[in-house]
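2 protein chains.
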Amino acid sequence: PLGINMEMDNSYLQDRQKIIDKEYLTRIGGNLVLTHAEDKVNQILMAAKDREIKDSFYNGVPFPPNLHFFEAKPAIENSTVFQLIKKMPKGGALHLHDCSMTDLRWLVKTATYMDNCYMCYDQNKKINFHFFRSPPQQPGCPWHPVSFYRNQTANVSVFDDMLYQSMSLEVTDPQTSYPTLDAVWRKFEEVLMRANGLINYAPVFAAYYYQALKEFMEDNVQYIEVRALLPEVYDLDGKIYTPVQVMEIYRNTTVKFVQDNPTFTGAKVIKTNLRFKTPSIIKSDIIASAEMMSQFPDHFAGYDLVGQEDPGKPLLYYIDALLYPSSHQPPIYLPYFFHAGETDWEGTSTDYNLIDALLLNTTRIGHGYALPKHSEAMMMVQKQKVAIEVNPISNQVLKLVDDLRNHPAAILFEQGFPVVISADDPAVWGAKGLSYDFYEAFMGLAGRDADLKILKQLAMNSLTYSAMKTQEKAQALDMWNTKWQIFINSTLEE
Amino acid sequence: PLGINMEMDNSYLQDRQKIIDKEYLTRIGGNLVLTHAEDKVNQILMAAKDREIKDSFYNGVPFPPNLHFFEAKPAIENSTVFQLIKKMPKGGALHLHDCSMTDLRWLVKTATYMDNCYMCYDQNKKINFHFFRSPPQQPGCPWHPVSFYRNQTANVSVFDDMLYQSMSLEVTDPQTSYPTLDAVWRKFEEVLMRANGLINYAPVFAAYYYQALKEFMEDNVQYIEVRALLPEVYDLDGKIYTPVQVMEIYRNTTVKFVQDNPTFTGAKVIKTNLRFKTPSIIKSDIIASAEMMSQFPDHFAGYDLVGQEDPGKPLLYYIDALLYPSSHQPPIYLPYFFHAGETDWEGTSTDYNLIDALLLNTTRIGHGYALPKHSEAMMMVQKQKVAIEVNPISNQVLKLVDDLRNHPAAILFEQGFPVVISADDPAVWGAKGLSYDFYEAFMGLAGRDADLKILKQLAMNSLTYSAMKTQEKAQALDMWNTKWQIFINSTLEE
Ligand SMILES: [Zn+2]
Ligand SMILES: [Zn+2]
Numbered sequence: 001p002l003g004i005n006m007e008m009d010n011s012y013l014q015d016r017q018k019i020i021d022k023e024y025l026t027r028i029g030g031n032l033v034l035t036h037a038e039d040k041v042n043q044i045l046m047a048a049k050d051r052e053i054k055d056s057f058y059n060g061v062p063f064p065p066n067l068h069f070f071e072a073k074p075a076i077e078n079s080t081v082f083q084l085i086k087k088m089p090k091g092g093a094l095h096l097h098d099c100s101m102t103d104l105r106w107l108v109k110t111a112t113y114m115d116n117c118y119m120c121y122d123q124n125k126k127i128n129f130h131f132f133r134s135p136p137q138q139p140g141c142p143w144h145p146v147s148f149y150r151n152q153t154a155n156v157s158v159f160d161d162m163l164y165q166s167m168s169l170e171v172t173d174p175q176t177s178y179p180t181l182d183a184v185w186r187k188f189e190e191v192l193m194r195a196n197g198l199i200n201y202a203p204v205f206a207a208y209y210y211q212a213l214k215e216f217m218e219d220n221v222q223y224i225e226v227r228a229l230l231p232e233v234y235d236l237d238g239k240i241y242t243p244v245q246v247m248e249i250y251r252n253t254t255v256k257f258v259q260d261n262p263t264f265t266g267a268k269v270i271k272t273n274l275r276f277k278t279p280s281i282i283k284s285d286i287i288a289s290a291e292m293m294s295q296f297p298d299h300f301a302g303y304d305l306v307g308q309e310d311p312g313k314p315l316l317y318y319i320d321a322l323l324y325p326s327s328h329q330p331p332i333y334l335p336y337f338f339h340a341g342e343t344d345w346e347g348t349s350t351d352y353n354l355i356d357a358l359l360l361n362t363t364r365i366g367h368g369y370a371l372p373k374h375s376e377a378m379m380m381v382q383k384q385k386v387a388i389e390v391n392p393i394s395n396q397v398l399k400l401v402d403d404l405r406n407h408p409a410a411i412l413f414e415q416g417f418p419v420v421i422s423a424d425d426p427a428v429w430g431a432k433g434l435s436y437d438f439y440e441a442f443m444g445l446a447g448r449d450a451d452l453k454i455l456k457q458l459a460m461n462s463l464t465y466s467a468m469k470t471q472e473k474a475q476a477l478d479m480w481n482t483k484w485q486i487f488i489n490s491t492l493e494e
Numbered sequence: 001p002l003g004i005n006m007e008m009d010n011s012y013l014q015d016r017q018k019i020i021d022k023e024y025l026t027r028i029g030g031n032l033v034l035t036h037a038e039d040k041v042n043q044i045l046m047a048a049k050d051r052e053i054k055d056s057f058y059n060g061v062p063f064p065p066n067l068h069f070f071e072a073k074p075a076i077e078n079s080t081v082f083q084l085i086k087k088m089p090k091g092g093a094l095h096l097h098d099c100s101m102t103d104l105r106w107l108v109k110t111a112t113y114m115d116n117c118y119m120c121y122d123q124n125k126k127i128n129f130h131f132f133r134s135p136p137q138q139p140g141c142p143w144h145p146v147s148f149y150r151n152q153t154a155n156v157s158v159f160d161d162m163l164y165q166s167m168s169l170e171v172t173d174p175q176t177s178y179p180t181l182d183a184v185w186r187k188f189e190e191v192l193m194r195a196n197g198l199i200n201y202a203p204v205f206a207a208y209y210y211q212a213l214k215e216f217m218e219d220n221v222q223y224i225e226v227r228a229l230l231p232e233v234y235d236l237d238g239k240i241y242t243p244v245q246v247m248e249i250y251r252n253t254t255v256k257f258v259q260d261n262p263t264f265t266g267a268k269v270i271k272t273n274l275r276f277k278t279p280s281i282i283k284s285d286i287i288a289s290a291e292m293m294s295q296f297p298d299h300f301a302g303y304d305l306v307g308q309e310d311p312g313k314p315l316l317y318y319i320d321a322l323l324y325p326s327s328h329q330p331p332i333y334l335p336y337f338f339h340a341g342e343t344d345w346e347g348t349s350t351d352y353n354l355i356d357a358l359l360l361n362t363t364r365i366g367h368g369y370a371l372p373k374h375s376e377a378m379m380m381v382q383k384q385k386v387a388i389e390v391n392p393i394s395n396q397v398l399k400l401v402d403d404l405r406n407h408p409a410a411i412l413f414e415q416g417f418p419v420v421i422s423a424d425d426p427a428v429w430g431a432k433g434l435s436y437d438f439y440e441a442f443m444g445l446a447g448r449d450a451d452l453k454i455l456k457q458l459a460m461n462s463l464t465y466s467a468m469k470t471q472e473k474a475q476a477l478d479m480w481n482t483k484w485q486i487f488i489n490s491t492l493e494e
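Protein chains in written order, with our numbering: chain P, 1 to 494; chain X, 1 to 494.
Check before you lean on any hint, since a few could be wrong.
Under the rule of at most 25 Å between Cα atoms (straight-line distance), these lysine-lysine pairs were calculated in the DSS-like manner [as the list claims (entries may be wrong)]: (1) LYS187(X) <-> LYS54(P); (2) LYS385(P) <-> LYS18(X); (3) LYS109(X) <-> LYS40(X); (4) LYS109(X) <-> LYS277(X); (5) LYS40(X) <-> LYS18(P); (6) LYS256(X) <-> LYS54(X); (7) LYS383(X) <-> LYS277(P); (8) LYS214(X) <-> LYS473(X); (9) LYS385(X) <-> LYS18(P); (10) LYS73(X) <-> LYS256(X); (11) LYS22(P) <-> LYS383(X); (12) LYS277(X) <-> LYS54(P); (13) LYS87(X) <-> LYS22(P); (14) LYS277(X) <-> LYS187(X); (15) LYS126(P) <-> LYS214(P); (16) LYS109(P) <-> LYS40(P); (17) LYS22(X) <-> LYS385(P); (18) LYS87(X) <-> LYS73(X); (19) LYS453(P) <-> LYS432(P); (20) LYS86(X) <-> LYS73(X); (21) LYS383(P) <-> LYS18(X); (22) LYS453(P) <-> LYS473(P); (23) LYS40(X) <-> LYS54(X); (24) LYS87(P) <-> LYS473(P); (25) LYS125(P) <-> LYS109(P); (26) LYS87(X) <-> LYS383(P); (27) LYS277(P) <-> LYS256(P); (28) LYS22(X) <-> LYS73(X); (29) LYS277(P) <-> LYS385(P); (30) LYS256(X) <-> LYS277(X); (31) LYS256(X) <-> LYS22(X); (32) LYS86(X) <-> LYS187(P); (33) LYS383(X) <-> LYS277(X); (34) LYS87(P) <-> LYS385(P); (35) LYS214(P) <-> LYS73(P).
Among chain X residues calculated to face chain P with C-beta under 10 Å, some are [unchecked claim]: (36) ASP344; (37) ILE355; (38) ASP356; (39) ALA377; (40) TRP484.
Think of the hints as simulated: they come from the structure by calculation, not from any bench.
It should be emphasised that the depicted structure is a prediction, and the values quoted were computed from it without experimental measurement.
From the three backbone atoms N, C-alpha and C, an ideal C-beta is built for every residue, glycine too.
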């Protein structure tokens, strides 16, 4: 909206442009050079982005990154930018959790329709799920086949929706339903635990994971890394799988999926445990994990601690266990991928997890939400090339930030930090794949003038900063390049 | 919550502490050394801060910086930290606006009880105020003396509360009442305009300003700088004051107040105009302002543009006018104090106001909310020692950010930027003086371990980065030192 006929001082305008260009160069993707074809796609992308931003900036249309994801989702799905992002090969999803990667509608349609699937209502009218050959007596929550309830209902799709809702955080009034961070975390843990009754049944477990790979592939993601508890998977005979056996399911399913889909690169598992366990449990777990590193050289990537970080034990609490591999003679190889700094609380134990994660030589940092408040840690991250796994929708739904334009990773974007975009627990908030988080990152965390370069760089980062070995990375990047060319060409053909 | 009996690696702990210490040093106030007495006060302060943070971090007590100010206010007033901050000499308030500095209860009690004070209800049942010897016919909004309505009411204090509410943004349900940033800005402009009907009456105008000085002094602020429109002040004879005459009111009232209160340092005016005016109006205003610089050498400080920044014209739109003083031969002296980057919109015209403000050699930046998203601008701010005027409550109430722990100035705090804390328009949201904003800055923007040093540095910054001349600054700092010693000693005596 510049006035015309101004006698503009040319040298002023030149100085100004120099600063703007200099800032642009330091951003993620700022020094990429686009090909002629990419440049054309960029024009299509930026025309759409500009239109969508202008609608909000000038015309008051609600801006999706300023809305809660539950309210923003329909507008996102209508967005041309989102449609382009969906088609774009996005590389890998490096921060996902085992029991919240797959569309819950698939879980309802599949698991709850299987034989031997039971449910019960406890005293609080909350649903539990479990598979049994024949269920035990449980007076507080008497088991019946899901089909028993489904057959009684007048409307099966209403019933199935209800099952879906029972495992989802989605509500129409998120601000009222989840007044505090603690409240949404309690509900989050509750819905995950409920879904686990279905997921941890061995036949479901493998199918659930296979379906996750399928959904990410359909969203043009070619590789994933899964934070996995390796939980107590069970079958009808009362067999409880050991962590190694669960790891075998992951490996075998991954191998099978890649056989079925040769353009998919693969997947690796990062073993996790809860940051509420005793130090001695964590120590044994670390030793067992180090063994799995050699047992599953192509599919096991390292170790992490999970669970709500503020009430959880800080990394320092486990320092003995966590230093064990590196202080062992000879050192034991176990890369770390710590969740750290997933907090609004500066100067607390959670916040200082960032320092410990870096001192413990973490390969990447999960969230790192508080990182920009730490100047030394920022320098260490740059120097040690530790990628930050940014999960925009997760941070919003789990109430670290409302307007995603206030997400601190905007500063990491601006300063060209090693960042990857991921989805954390997409199923629980009704997202799918990476595209929703890429959209929020591109429209909310990055500025109006951030373009195809940042998207391309973020996609490449997700392979470069993955846990893949050098050779695997090279192959993955080749595959990504092929997909990228197809994306560029097909976008121009439309 | 550390476990005990851990075999802790001492060198690990030392490395860790080194990083934490290094980060602490770079923060605002990080390299101050406290006296023995200050250290004791610091212990009292930090015991209170720790208690209040633990209440929220561990026990779920709502954390005031995480609440909307309207909901947080009672808890803030109950806070021991707040009580200490109130008693603390805070130096100067450098970012205030002429018509929203003084408690609206005072305005109601004073102005609306004066002779010749009229009000009317327009078609939308909205109140207008004006003083008249005898009011004109105005069918769309028929004037009656305020006393006429007040005499009809059953309960005078309910009536006076209603008058107060009509000029305030305060509501019990801010999220519902103000769903968008534009919505709260429309209401903001409406209530300011309503109050102006009272404030711009000459006898009220001087008294209102005198009362502002009094309230800031009572809040242990010794100096203020006022962004002033120098509006059309009027009297009963139909006289409209010129900007120079309004400036004379400010000068004379300041001189009077300092005579009455010799420990108060004084005040300066920054002339403002609206960022919706034509470039030629701004150019004449700049020329007139430069003249006032020499007419009022001790009380006129410079120039700024105000109004909602996103829909407003960018600085670049006025570049001809704004470059006029520096490009004139010989250069004309007119310091700038630009509002810039008061936005969540990265990469827009508002956002780039930051670059223009710096290129135009601004003395300070009002808000600079978007600054951490600009790496070059950050460097320029450090190099040119441009102070950033941070107004936490304003940014929250006017909907740039919800949880003040997400305020981007946290990063400026962390990196030791030249920051001052101010209050912007405290009257409109029911704050008073600087203490509420200092509390939010100390508890919300600064970390758990930020202590008396940051408060002391922020207070000193507010004099160092003021528009005072070198000699005035020295005197102001001497006075502040005296007040600070009294604060330290009296706190220890309690
Ligand atoms: Zn996670
Ligand atoms: Zn202001």
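_Contradicted hints - numbers only_ = 3, 4, 5, 6, 7, 10, 13, 15, 16, 26, 27, 28, 29, 30, 31, 32, 33, 34, 40
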